[in-house]
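A.B. asks: As a plain string of letters, each chain reads:
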Amino acid sequence: MSNIAIRNLVKRYGAIQVLHGIDIDMQPGQFTVLVGPSGCGKSTTLRMIAGLESVSSGEIIIGDRVVNDLRPKDRGIAMVFQNYALYPAKTVYQNMAFSLKLARVPADEIDKRVRDVADILELHELLERKPGALSGGQRQRVAMGRAIVRNPEVFLFDEPLSNLDAKLRGQMRAEIKLLHQRLKNTIVYVTHDQVEAMTLADQIVVMRGGVIEQQGTPDEIFHDPANEFVAGFMGSPPMNIADAVVDKGGIRMGESVLACQIPSGVAEGDSLRFGMRPDDIHLCDGSVVPGVRSRVIVDLVEQLGTEKLVHFKLDGVPVIGKADGRAVIQAGDSVEMAFDTEQAFFFNPDNGGRIR
Amino acid sequence: MSGQISRVVVSPKKPWLREATRVRITRVSLYLALILAVVVITFPVLWMLSVSFKPTTDTFSLPPQLIPENFQLDGYIKVLQNETFRTFIINSYLIGLAVTFLSLIIGTLAAFAFSRYRFFGDQAAKLFVIATQMVPTITLLIPFFGVIVWLRLYDTHLGLIVTYLTFGLPYAIIMMNAYLNTIPKDFDEAAIIDGCSPFRVLFSVLLPMATPGLISTAVYTFLLSWNEFLFALALTRSTEMRTVPVGISMLVGEFGLKWDEMMAFSVIGSVPVLLLFMFVQRYVVSGLSAGGVKG
Amino acid sequence: MKPKMKGLVASVLLALGSSQAHAATQIEWLQWFAAEQNADFYDTIVEEFEAANPDITVKLVTQPFGKVRESIVTNRAIGVGSDVLGLNMPWTSEFLDMKILEPLDEYLARDDKGFEVDRLVQAPIGKINGSTWMVPLNAFPFVMHVNRGLLQKAGFDKAPENWEELKSMAIAISALEDGTSGIGMPFSSQPPANGPILTFLPLLYTAGGRIVDGIEPDFDNPDVVKTLTFLQELNAAGALAPGAASRTGGVDLEEFIAGRTGFLISPAVHARAIVARNPELEYELVRVPVLNKEAYRVHGWELGMAADSKHKEEAWKFISFLMSGDVNGRMAAAASALPGNLDALGEDSGEDPIFTAQRNILENDESVEELRQAPKTVASWSVMTEEIQSMLAGDQTPQQAASRVQARWLELLN
Amino acid sequence: MILKLLRQATPYWFLLPGLFILGTLLSVPLYKVIEYSLYDNVIIEPDPTFVGLQNYADMLGDSGYWSALFNTAVFTIGSVVGHLLVGTILAMLVNADIHPKARTVFRSLLILPWIFTAVVVALNWQLLLNPFGVVNYALQSIGLVSEPLDWLGDPDLAMWSLLIISTWRGYPFIMVSFLSGLQSIPSELYEAADIDGANFFHKFWHVTVPQLKPVIYGVALLDLIWTFQLFPLVWLTTGGGPGRSTEVLSTLTYRLAFVDFEFSRASTAAVTILGISAIFTMLYLINESRNRT
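Residue numbers (this note's numbering), protein chains in the order written: chain A, 471 to 826; chain B, 1084 to 1378; chain C, 1064 to 1477; chain D, 9 to 301.
In short, the hints are calculated from the structure, not lab data.
Backbone N, C-alpha and C define an ideal beta-carbon position, used for all residues, glycine too.
Keep in mind that the hints are not guaranteed to be accurate.
Computed spacing ranges between beta-carbons, pair by pair [to be verified]: (1) A:Arg541 x D:Gln62: 54 to 60 Å; (2) B:Leu1180 x D:Glu196: 35 to 41 Å; (3) D:Leu152 x C:Gln1462: 37 to 43 Å.
In silico PhoX-like cross-links for lysine-lysine, where the CA-CA straight-line distance does not exceed 20 Å [unchecked claim]: (4) C:Lys1176 x C:Lys1375; (5) C:Lys1356 x C:Lys1289; (6) C:Lys1230 x C:Lys1356; (7) B:Lys1268 x A:Lys543; (8) A:Lys543 x A:Lys571; (9) A:Lys571 x A:Lys560; (10) B:Lys1268 x A:Lys560; (11) C:Lys1230 x C:Lys1216; (12) B:Lys1268 x D:Lys221.
Now the stretches of chain D that chain B is said to cover, found in silico as 3 or more residues with beta-carbon under 8 Å [said to hold, decoys possible]: (13) 111-118; (14) 137-146; (15) 229-239; (16) 280-288.
With the sequences and hints as input, model every part of the structure.
C.D. replies: This is the structure:
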């Protein structure tokens, strides 16, 4: 179990710079998820930690060693790939034993470790099969098993679940979480799926365009986003964000005015970006709902089961709100929605920064 | 919704044959096509066989006889009793196998560099590799001969082996490069994380997946050295060093041609090649056959 | 024992031997002769020589005929040339230009050799540039082989003696049935593409013609045109085997042996192969039909010495051995040829009509060999082949063909 | 730092053995050939004279060279197209889903044209195509031709005959190479195409060809370069004839070198072959690097 520290990490491909000096600290045993849209540099960062990409400048420290010039096998890491990359000519057993064999671990020790891991992952039935004869989920487990047998300081996961179907993905997500609780290794996990990030992480690092937008616990990231990008990226359905102007006692969007607490530092007439999560916009259906009310025409209703998503427009701006799963509501209805403006976010329209 | 999406209408045409019948017809026509191809293509070889089994006079009989009327084994007997011819066959196989083995190793190493690394001068190196194939060997013969003599490899097996290596390597490199390029880099990376040196990545992980490429390279390099005549003759002078094509050319004399012996010699020499190919071609099956990666 | 092992053992023995006694000098003999006949015979000859000359070993370097000419040039350029060279007379002037050959006059003047110079077949030893460059290992005249069976079927009972008879008989034989032809003309471009010197030259010589004047090409002369015209007439009359432009010397011979052509003009050595391979053929050997001169083209295997040889004395000893009466006679017999040393020519018992016929020609007719002096010979006969092909295809007249050959031949010299 | 440098040197280590062998054995000969082309009377004279580009000027003024170049173009394009066409079709056929034993037999029989040395191939085809040969006999029997054709001796037919022989001889190389390439195509792609309703030809054009592209380009380039200078088969079959109707650059080069003993002019012709091949190769490399980025 080691900590990982990344100091001012830069990656250049020729003239193109893809990482612009990032710093991350990961505690021993911590589960860190790197998340962001494709091209944000999260995979590059992971591959640099693994040693698959060279470091242009900056430092990567695992434990107390700078590993910049260490070979991957000497960094005390194991990695699970998006495509699994199981060796097709080798059996499951041989796939898992391969790295130990290379490290000259004695044969009986290898056998013990492979079988232990096979027990953990319920793979013992499959040990003599070749990858071609496995299902997607089984391959995924073998790929993890291959990483686990090495008992590494650090696990690296590169979008490991993206090739699985939704149900299997949920199942494997839970397995990974359980595994982490059991093995307590330091884990760096790359995904573009914010649900995975939220459910798995002790620490989330949100990246975009080769820089870190925010780094923190899932709670911090979700409830206290640093900027408009993070706020918009995390959460499903995404936060409603629209242009607005500060008005007396609230903000004005087009002709509509929403009463709310204006943050200090902005004056009447200033432009800003106004955001509210769908969870904070609720249908008024008799129960006591906090917030400012507004009557709207429903465009579309999506039934999710326990709740319904209500699509409507507020002065031409599309907005998503929520209703109880049992609420009787359909497209075309005129309903009252309550905006809990206590939970509203304000962002700087020029740089997206949070206005508190 | 504004625009209307036009729907692709698939007319529920009734299939004019049952599925099982259709599959059977496809299979039968496949076999027919293959048999036709084999008959057309092997006909000249059948003729060679026919010539090897009949007296030369009958080779020129009218009408031509495909099935010998005066069946005889004289050609085969003469070739098999000739100790020198046996030496030629052994030499050809020794040299061929050595060339194949070395081309595979050396060629794969270079192909790996071209396939997996970007480095200064890579395009130039590739151009040089291919450029060595661009000058007709006839004109290279004399200066190349000079180099071989200078290296003291004249009239040795090693001389022929390195010669054919220089002819075979470029194909080995190009073919293996193309083949390695079809293998996703994920495997390299997984292996590197597992602790493989680059060497190990190539030999333990990539090559087992590249068996089909290795086999076509092997077949090519073997046949190259098996068939080559010009250098085999020029670079050797002792009978003990010579190969089958030289032996065959000896049967083309100033005053005539020993047709039956020549064809018999070709057939005898080539049968093991054919068996060898039959044996290795079983491995020309999908190396990437599902499962390695999820595409 | 496997040959390899044998070689190994031999070289070990050699190494042991040489450490005790003085090292034997090794000379190399590059030739194609051993590929034409049983190679063992040549090993025997070499062993005999080595037994008589323990201080010399001879390495036989055997190549197919088609490669020897270029190997002599190539090996010399690299510095690995052989000491004794098997030669073909048409290569002479090229090799002289490249200074490959050693003049033999001084050696021939010695007394210790195993043969008499004036008992050799004379054509090959004629001086060029003031010297003699080769000695004849054997000799074979060009003759005409006749299929008497076909001849009789066509209604004739004796072989043709002149061009007119040749023409009418060839036409008659071609007319017999599908697949039989009067005479073959092998004018394929496929190497060595030497059809013209196989068939055209022997006919030309019976018209008293030549293609070289001194050492200058002289192809567009009336005799040449006359002979080309004769070929064209044969072709027009359907007397030739079809496919002259793709017919090789080999196919020409094989079709004759298979009994499909009436006449074959080629070296007399073919007689043995013909008789051996198709004993049912009613065969006769005659002189090439004559227009106005009883002359024959003489050909043979010659021996020369490399100018850059480091072991000329030993090489000469070996040549001298090969030319000596007994050895030369056996070698000629092995090659089914007449010996180069006429002392080795046995008495004619009269039992073998083929031998008698050859001997007759050799003794009574004029022998002609002009390719030794001809410049760029090998390239020139490719040119002849191409122009004759074109003439037979009807694209040019004999006169035009002759002029074109002459012009292109002169061009080759620049 | 040293470690890093060492690691950057990795690809060079892998290249070293191959480049060493090719470099030691071939760079001197390659250089020599180019040098010869600038001299007169090389090899046959101990002191050849330097003539600069005179040999090139002479050659460009020689109609024989241009007609050989034209024949070479016809022969090369015809042969390579023939090899690719027959090789690809047969590779597809023997890769089809048939009984494995049958597949082994078919695959092996179909490489037969490749396993005989050129002398034998050439002589055998001479027999087959002889006016009294079995091909003419067959064609006459079924009434396709009335008179036997002189396949190798008729200037109008010789090149076609040569192309047939060259295709026969050369397709197994393509077939074997492509057969290997076909193994790297994931079956999912064909399944997807099946579902999209693709027929055999659609699948061939839209799945097989694009997936096989790296192999096709590499192999076709080498085939092109080799065929461009293919010597033994042409020389031993027609010798460039009849006339010079099948004379290609390689036979011209040989004729210059070993029939005429004009090594300088032969080298000159060889250098032009080098130049033209280099253009093909450049195109290949440019295409390859464009595909990569």
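A.B. asks: Look at each hint and say if it fits the structure.
C.D. replies: Here is what the structure says about each hint:
no., hint, result
1, A:Arg541 x D:Gln62: 54 to 60 Å, "holds (59 Å)"
2, B:Leu1180 x D:Glu196: 35 to 41 Å, "holds (38 Å)"
3, D:Leu152 x C:Gln1462: 37 to 43 Å, "holds (39 Å)"
4, C:Lys1176 x C:Lys1375, "holds (14 Å)"
5, C:Lys1356 x C:Lys1289, "holds (14 Å)"
6, C:Lys1230 x C:Lys1356, "holds (17 Å)"
7, B:Lys1268 x A:Lys543, "holds (17 Å)"
8, A:Lys543 x A:Lys571, "holds (13 Å)"
9, A:Lys571 x A:Lys560, "holds (13 Å)"
10, B:Lys1268 x A:Lys560, "holds (17 Å)"
11, C:Lys1230 x C:Lys1216, "holds (16 Å)"
12, B:Lys1268 x D:Lys221, "holds (18 Å)"
13, 111-118, "holds (count 7)"
14, 137-146, "holds (count 4)"
15, 229-239, "holds (count 6)"
16, 280-288, "holds (count 4)"
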